[in-house]
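Enquirer: Here are the chains, one letter per residue:
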Amino acid sequence: MTIKSAAALRTLAFVAVAGLGLSACASHKYVDEQTAAINTRIQAVEVRVQDAAQKADSAGQRADAAAAEGRTTTQRLDQIEGRVGQLEKAPPARRPRG
Amino acid sequence: MIDGANPIRALFTSLFVAALWLGPASAPAFAQPVIVEESSPPAGHRPPTVADASDAEEVDEIDPSLSVSDAVIGVAGWAISTGDHRDLPFAIIDKRAAQILVFDETGKLRGMAPVLLGSATGDHSAPGVGDRELADIPMEDRTTPAGRFYASYGPAIGVPEALWIDYATAVSIHPIVPSAEGKRRKRWLASPESDDNRVTHGCVNVSPDFYRRIVRPILGRRSIFYVLPEVAELREAIPGFAPPRRAQRNAQRRR
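These protein sequences, in sequence, are chains A and B. Here the numbering used here is used: the first residue of the first sequence is 1, the next is one more, and so on. Here the numbering used here is used: the first residue of the second sequence is 1001, the next is one more, and so on.
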């Protein structure tokens, strides 16, 4: 093998390694960006929800909820128990509405 | 002239180094939930075997140009604050925006995605609609009812299992099925407009991936669904719900 062909092989090997390395960096960067984008938006919504929860977590809200709960608890439990009972006994099969 | 083996050795060494370098990149970038699929349909009413979703799993399929409405945020905050979700995982469906948000039992947001909904506008189900064949449901009765629902898996005709939102009116949440119609539904689901998401007979459709990664593992055992109204008042549809401003005014009056 000549010096010329050896140099060509070295160049080829360098290009191969560099190319593979750069593509690995690119895929890491892409995944990081995608993950960050998802986390940022979900976290932003999460912050809004927690803020709303704090606003709702007042004495008035609790009183309202308790009053409403008192009015509807029996009815709700009846509904829930009725539905669970429907499912857990031998319910008639239904077809989902697509 | 130099020894011909040296360049070849250099090439193999370089490739070996490259392989070592690329090793960590082949590890999975996202934690995937482990879902134990059943080989046969569940017997009777028993819920399917669903492994716990990974704590790290968060999925956002909503178009980046869209946002989450204040109504959804208000109901989520109220449900968490008052404990209305009874320590169960819960979902909020915004019919106007055609979106679903899924929270785990601690109130942590785990996923949000577009949904397909009943083609008719309205918040109530027509009497007896759950007993009708799909083709026999009049266009005006193809609504997705609003309200607070206790959801769980149950028996169904045509599919091994269904996650029923409201069994009495045959409303369930399920993935888009692979078919010609399913391909059209996927397109409608993917578009940012909400008008073309009103195509079902009343059921709620999500993407197969969102169903597999979020709906089934998180909501699959027992869960609460809050389906926000599009015509009726929020307080009328969700029992006990009070907007924060009203609660604050009440608190100020008591002082």
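These are calculated hints, taken from the structure and not from any lab test. Hints may be right or wrong, so weigh each one.
Here are the simulated distance ranges between beta carbons [said to hold, decoys possible]:
| no. | chain 1 | residue 1 | chain 2 | residue 2 | range |
| --- | --- | --- | --- | --- | --- |
| 1 | B | S1065 | A | Q54 | 37 to 43 Å |
| 2 | A | T40 | B | S1179 | 34 to 40 Å |
| 3 | B | E1181 | A | V15 | 45 to 51 Å |
| 4 | A | A44 | B | E1133 | 43 to 49 Å |
| 5 | B | P1192 | A | A7 | 35 to 41 Å |
| 6 | B | K1186 | A | Q43 | 55 to 61 Å |
| 7 | B | A1190 | A | T40 | 19 to 25 Å |
| 8 | B | P1178 | A | F14 | 44 to 50 Å |
| 9 | A | S5 | B | P1192 | 29 to 35 Å |
| 10 | B | A1071 | A | D57 | 16 to 22 Å |
Every residue, glycine too, gets a C-beta built ideally from N, C-alpha and C.
Enquirer: Of the numbered hints stated previously, which ones are contradicted by the structure, given in increasing order?
Expert: Going through the list in order, the structure violates hints 1, 5, 6, 9 and respects the others.
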